[in-house]
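Protein sequences, first through last, are from chains E and G. What the first sequence shows, in the numbering used here, is residues 1 to 1098, in sequence order. What the second sequence shows, in the numbering used here, is residues 10001 to 10438, in sequence order.
In case anyone wonders, no lab produced these hints; they're calculated from the structure. All figures in this text were calculated on a predicted structure; none of them were measured in a lab. Cβ atoms here follow ideal geometry from the backbone N, Cα and C, with glycine treated the same way. Do not rely on the hints blindly, as some may be mistaken.
Stated by the list, open to error - Below, computed lysine to aspartate or glutamate pairings styled on EDC-like, alpha-carbon distance capped at 20 Å:
| hint | chain 1 | residue 1 | chain 2 | residue 2 |
| --- | --- | --- | --- | --- |
| 1 | G | Lys10169 | E | Glu746 |
| 2 | E | Lys601 | G | Asp10020 |
| 3 | G | Lys10429 | E | Glu819 |
| 4 | E | Lys861 | G | Asp10430 |
| 5 | E | Lys790 | E | Glu858 |
| 6 | E | Lys798 | G | Asp10430 |
| 7 | G | Lys10429 | E | Glu858 |
| 8 | G | Lys10033 | E | Glu819 |
| 9 | G | Lys10404 | G | Asp10077 |
| 10 | G | Lys10338 | G | Asp10231 |
| 11 | E | Lys725 | G | Glu10120 |
| 12 | E | Lys601 | G | Asp10025 |
| 13 | E | Lys758 | G | Asp10077 |
| 14 | E | Lys955 | E | Glu819 |
As the list claims (entries may be wrong) - Beta-carbon label-pair distances, calculated as ranges:
| hint | chain 1 | residue 1 | chain 2 | residue 2 | range |
| --- | --- | --- | --- | --- | --- |
| 15 | G | Ser10287 | E | Thr620 | 58 to 68 Å |
| 16 | E | Phe808 | G | His10314 | 30 to 40 Å |
| 17 | E | Ser547 | G | Leu10201 | 45 to 55 Å |
| 18 | E | Tyr573 | G | His10314 | 46 to 56 Å |
| 19 | E | Tyr730 | G | Leu10201 | 32 to 42 Å |
To be verified - Simulated coverage check for chain G against chain E, where a stretch passes if three residues somewhere in it have a Cβ under 8 Å from a Cβ of chain E:
| hint | region |
| --- | --- |
| 20 | 10023-10036 |
| 21 | 10039-10053 |
| 22 | 10151-10165 |
| 23 | 10169-10180 |
| 24 | 10202-10208 |
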Amino acid sequence: MNKIIYLLLLLPTLLLAQEQKTISGNVFDTNANMPVIGASVFASSAIISHKTTIDGVIQGAMLGSTTDFDGNFMFKVSTDIKYILVSYMGYETQKIDVSKDFSNLKIFLKESSERLNEVIITGYQKIEKRKMTSSYAKVKISEIQQAGVASVDQMLSGQISGVQISATNGGPGAPAKISIRGTSTLNGSSDPLWVLDGIPLEGNDIPKNYGDKDNIDNLESYAIAGLNPEDIESITVLKDASATSIYGARAANGVIVITSKRGKKGAMRINFNATSFVTQKADFSKLNLMNSTQKVDFELMLASRSDLKYQSNRGAVARILNHHGEYDNFASHGFNSISATAQQEINNLRGTGTNWGDELYQMALNQQYSLSLSGGGEKNDYYFSTGVFDEKGATKGTGLKRYNITIKNNFDITNKLSVGAALFGSQNKSYSYITGVDAYTNPSYYSRTANPYLKVTDAAGNYVYDPDLIERSDLNLDYNILEERKNTNYELTSNSLKAIFDVHYKINKEIQFNSQVGLQLDFGKTEKFGDENSYYTRKYEQKSRYSDGSGGYAYFLPKGGIIQNWNSDAFQYNWKTTVNYNTSFDDIHELDVMVGTEFRKNNRTLIHTKGFGYNPNTLTTTAITDERAVSLASFETYRKSYIENAYASFFATTSYTFDKRYTVFGSLRYDGSNLFGVDPKYRYLPLWSMAGSWNVMQEEFMDYVDVVNEFKIRASYGVQGNIDKTTSPYVVGEYYLTSVLPGNTEQIIRVQNAPNAKLRWEKTVSSNIGFDLGLFDNKIYISGDYYQRKSSDLIGLKSVPLESGYNFINTNWATISNEGFELAINTRNIHSPNFNWSTSFNISHNKSLVEEIEIRDEDFKPSLKGYSVNAVFAIKTAGIDSNGLPLFWRDGKKISAVDFYKLSEATDGSQMTREAHRDLYSYVGDGAPKFSGGLINKFKYKQFNLKVSANFNIKQTVKQSPSYLPTLVDPGKNYATDILKAGTGNYPALIGYTTPGFDTDLVYNWFNSSDDGRTYNDLDIWVKDISYVRISSIQFGYSLPKKQLEKLKLSRMNFSLEGRNLFVFGSNYDGYFDPETFGSIYAQPIPKVISLGVNLSF
Amino acid sequence: MKYLKYIAVLFMTSFIACDDYLDLDPVGQIIPKTVDDYRSFLTTAYASATDHKVLTTYRGDELSLEEGAVGIEQYEDIFIWNDENPSPLVRSFAYASFYNTIFYANHVIDNKDIMTGEQEEIDQLVGEAYALRALQYFELVNLYAVPYHKTTATTDVGVPITTHYDSDKTYTKQTVQTVYDLILSDIDASENLLTTVEQVLGFNYRFSVVAIQSFKSRVFLYQNEWQKSVDASEAALEINANLMDLNISADMMPSEYNSVESILALEAVASFDIANNASISESLIASYKQTSDRRFEAYFTNVKGVFKTKKSGHDRFKCTFRVAELYLNKAEALAELKEQALAETTLLALAKYRYTAQGLEDYTTALKAMSLDDLKTEILEERKRELAIEGHRWNDLRRTSQAKISKSFGGKIFVLENQDVRYVIPFPKDAQISNPNL
């Protein structure tokens, strides 16, 4: 690879012309029989003189050209030149005799079998693949691109071994949760570091408990979401410590390096892409909810049972019975004894119904366009692109719109100095629905609980408020989903600019100086608006309630809407300077040394304003003058926060290769950051790694092994660390205002966290051993890795004696290890001129183990010690007894709930110690899949191609939210049909305090009120193991043949039809939209998308 | 090779510049250094509100509760001394917040030699920190341990002590004597440092010379160190002996933070629930001569036939020490010292501002006729009336006869026997869970 770089750099240098001849011709790809664009065709003095210096380095002047879009080239050389070289990245370089024939040459390039010549871009260095000692994976965007996917993170699913990507939510722009080689932390961020063209991006951390109701409906902007996948060339994932340690402390969870597209030398190339995609409506029937008839019968059953009195006046049936004064009559004498009108009204309910799936979900037609212009001259290259992405989500009221502009330019100022500048600008506008604090109105949740017979509008078109969505027994704040959508608004506009400027200066042939400045600016504007006529505002008004002195209530919230704005302004710069020294001597020693510094500063300002009594016509708010509002955070009108961080790092790497066979590599980095109040000499963390590789292929004995064409063994070891910035050895306070006595407000300093001078930094030690094996001329290419990671001194909150002055303190409390393997196999199954079939398969397995963790005495659930990080614990049930009460296993015997929980009349939860409570549980499985991976098959027949991508998870233990609570069945809510099976199979019967049966009252009391640890949610009936394969994409393409293209004056025209997420095979996940979000009653469905696109190049 | 030199220079300078580069002080955060910082720091501790005085009022004999009252589940089990299996909804007595305040005080004391600023300000601040710490231990030991008895204090179990923060420390219970020794040594240290004689209005939540003397007077009274208590009361009265004349106006209570009597207005003594969802017990009502005792009108209000306290959760009702208590402390100590005449005079000096002219005359006559023992009883009665709903009563019951209390609640009679073990409050559940040594 070095060869090509040097050649390209030196291309412009002209030889003094003597007698000249014109060499011309055409370069083709042997397999595809397509012109190769941008191939280098040149003559070198080395060839002229037939003298080769050290292999890989060519000195002296050369001349030549690059091929145009038809693969044509033409240039003049002196007549005595006998050979020219034709080279192109990824192809074998051809040496052509031009001593006799030199015009209209037909040159066929063969794809390079020597993948070792590839260059791996780590973000700090470009390392030749043959010298690579680390574990990494690289994919080209063209391999993984999918239509209708806003952000690249989701496209990586199933593509790379050891990288687990899981959808968190189906909404537009929802981030994908990525974990590389398991989780190495219990509390901290487990997200990898994203790097764009050498600049680490800020702002990609996903909230730890993203699926939580408080986070899932929040609009957030992520740096990676601002990037148009069309602008990306390739993605490299750095997995082991020797690859990531150069990134310092932030890289403990792995690094994903994005290399963006740049212009190629040659005439301007215009590429246009248009795709329309249809997002399908979610399959609402997956939720298995009761229909109107089932629900009416269910309510009648509840009303007929005198023991089930929970919220017994709710639900339409109870309202009808109460309205006619027939409730008791019905309860004692049955349906036939009640008045005909009441019977009629109840029966009418069976016929009416709202399909909540239609009200909440939609089919949407969406578009995506992009246009790029790229090219390059002798001394520069350029790439401009723009794109629009417009997606309306499958959930009504959600969507994402993105506009992109990318500009990249590189110039060679002299043959030693080159500069590059790149700008990535984007605007992301995402919008969604509003949900309150308790998330009753989250569409996924609401659709599960809203009654099937409830109408949304009445005959006159007026909104019908849900009579069963009530706050308290005496308070209904009138919720209607249509009114709420119409009168509320929630959107986030984030404008983002990433700018990169680099300078390369080649001091001499061995030393190169690089400096790169990257800026990242993100401005986010969030607006949340609830009109006066919205449930949201009515609910907020409750916070302003006060007693009016005459037995009633008054509200100090002014009339009008509520408008909230969050303006965030984030900035970072990253200035990186490196000096590279690459040399080789005595033909067999190669040495690459890099030293560098990196300085980084970031800051973020967030301003949150709230306006009350907002009038959407005058755009004004009304001030609250009531003094009761002063002390309430909910009515605070302005809050600003500002965070600033600085980092300084120094690093060096050395790589030595002997005889192209053995490479050893070492890296060291000192990471400094602004630890408040800490002595400068303790602000630095040392991080280091070592690695080695053995290129077995270069050994003589391999000459006799024909089947193997590539074989390398790698090993690495490294140490990474992390400092918890929230805990200080010092007493650190924050300013607040308070008033101890009336009329005197003072500034106070309050300590936020208990200081801990004994806190050590978190440390992760990783080791990796792997191989790369190419067989039968790389028809089969296998990469495998085995790794171990041990993270010790993990920081976590521990409860401390209250006498210390605190409840909790951050301490080093846990050690976690991860162990696993990864295997990637790429095969070219059939390779013929008209038909190609290739397969990529990857599989990985990761097993985490919590080796050490302090047991918290107050915990209800067992400690993770000895289990995996995502261990699932459950209580083993043994079916139900004749009264429908759950039975449990203990010491191989079935026992009743009374014995199991030691229930008695006085039971209040304290009959068991917490330790005894923990002992109720058994380990039932790992929440992380045992195996995960992907399978991609590509077929090509003449102008047609087909790609089928699938990803799979095998054996993952998941827990659903109980479909009902047997003591709290509310007739006003809808339930999954599971509830109809209550009292049969393993489903516990519905019980009340007076339900007949032995000790039913004790069991009722326990599950209803004294079970503080909420063990009902942890019964093993809610747990299961699932495995599934998701066909994430089926892509069918057609490229116009060359003849037609010539007529149309196009260089390429492709049509594609793609179906995403069409099928999921595997275990049953009834009750939820998708296996990925199994258990989350708040998640939006992952959409099925069908897209049709066209791609044109001129 | 000259480039290499430049590069070397560049690297060197960046190394050197780096320490400054990383010196970012986060906005809104601070490591206290100056005396002003430490003042703001200690104010946090002063501002930490505990409701233990409110809860002991529920536990004592000053209130009467209705079964159906709003929020009753939070107080019911305290009211009927149900410590065995209380409802999970019951309010927990303060524990962590005392130690949190102690953490702040300890930190100020630990840094007394390195904080920067005027020495006088430092002395005053550190003096306050000692006093605040002593007050926390005094409240703790009087909630969670038996009252001080000279003979048994060295073996009676008290509360854990910490005077220095250490994240790995274990905390074991110290004897009552050890706790009182710490309280007294802190008071001494405070006395030596405090320079502000009296705090101005609005800042009178902070300790001053007069406040530390008042505190001392109370500590010695609780220890039955009568003469020392008299001395301390007199020292405090020398600075402030003002009493509010309720004959002039009964619109304001003498316990309010802006009354002339206020010495330290730090602790909350009442709450919204006490004022609205509880009523004054019959025995307390009966102890007032409603026509001649001006306090009755000042302290209580008749709502739909039941009497409720006018003190509520508002900050203006905060009260820890006030002048009237000094008179009562002094009278009680003098009586114990058998100085009957002096005790009477002291009591009458207070009574003058509390009773109508006629009432005072009757009261004087009554006192003259009393034996020493009757006088002692009367002083405690007067103390109960004067300091009603001020968080004194429970402690006064505890440290004196530990009398039998019977209460009616929900149609049942509940009894706290004479010398009942429940005169000591058990450590809160969360404290026991987090510290197995309790």
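Evaluation of the provided hints:
Between Lys10169 of chain G and Glu746 of chain E the alpha-carbon distance is near 33 Å, which puts this suggested pair outside the 20 Å criterion. Distance check on the hinted pair: Lys601 of chain E and Asp10020 of chain G sit about 13 Å apart at the alpha-carbon level, within 20 Å; holds. As the CA atoms of Lys10429 of chain G and Glu819 of chain E are separated by approximately 41 Å, the hinted pair breaks the 20 Å bound. Proximity of Lys861 of chain E to Asp10430 of chain G is assessed by CA-CA distance (about 18 Å); at most 20 Å being required, the pair is judged to hold.
A hinted pair counts as satisfied when its Cα atoms are at most 20 Å apart, and Lys790 of chain E with Glu858 of chain E does not qualify at roughly 27 Å. This hinted pair checks out: Lys798 of chain E and Asp10430 of chain G have alpha carbons roughly 14 Å apart, not beyond 20 Å. Between Lys10429 of chain G and Glu858 of chain E, the direct Cα distance comes to roughly 11 Å. Compliance with the 20 Å bound is thereby established for this hinted pair. For a cut-off of 20 Å, the pair hint linking Lys10033 of chain G to Glu819 of chain E is broken: about 48 Å separates their Cα positions.
As the CA atoms of Lys10404 of chain G and Asp10077 of chain G are separated by approximately 18 Å, the hinted pair is consistent with the 20 Å bound. As the CA atoms of Lys10338 of chain G and Asp10231 of chain G are separated by approximately 15 Å, the hinted pair is consistent with the 20 Å bound. As the CA atoms of Lys725 of chain E and Glu10120 of chain G are separated by approximately 36 Å, the hinted pair breaks the 20 Å bound. For the given pair, Lys601 of chain E sits about 13 Å from Asp10025 of chain G by alpha-carbon distance, which is consistent with the 20 Å threshold.
Taking the CA atoms of Lys758 of chain E and Asp10077 of chain G, the gap is about 42 Å. The hint is violated against a cut of 20 Å. Simply put, Lys955 of chain E and Glu819 of chain E have alpha-carbon atoms about 17 Å apart, close enough for the 20 Å limit, and the pair holds. In this structure the supplied range 58 to 68 Å holds for Ser10287 of chain G paired with Thr620 of chain E, their Cβ-Cβ distance being about 59 Å. For the pair Phe808 of chain E and His10314 of chain G, the beta carbons lie near 32 Å from each other, so the given range of 30 to 40 Å is met.
For Ser547 of chain E and Leu10201 of chain G, the Cβ-Cβ distance of about 31 Å falls outside the hinted range of 45 to 55 Å, so the restraint is violated. Hint check: Tyr573 of chain E to His10314 of chain G, Cβ distance near 52 Å, so the stated range 46 to 56 Å holds. A beta carbon spacing of about 35 Å between Tyr730 of chain E and Leu10201 of chain G agrees with the range 32 to 42 Å that was offered as a hint. Residue count for the region 10023-10036 of chain G with a Cβ under 8 Å from a Cβ of chain E: 10. That meets the three needed, and the coverage hint holds.
Coverage of the region 10039-10053 of chain G by chain E holds [criterion: at least 3 residues with CB-CB distance below 8 Å; count 6]. A count of 3 residues in the region 10151-10165 of chain G with a Cβ less than 8 Å from any Cβ of chain E is obtained; the coverage claim is therefore met, three being the minimum. Three residues within the 8 Å Cβ limit are the bar, and the region 10169-10180 of chain G against chain E gives 3, so the coverage statement holds. With 4 residues having a Cβ less than 8 Å from any Cβ of chain E, the region 10202-10208 of chain G passes the three-residue criterion, so the hint holds.
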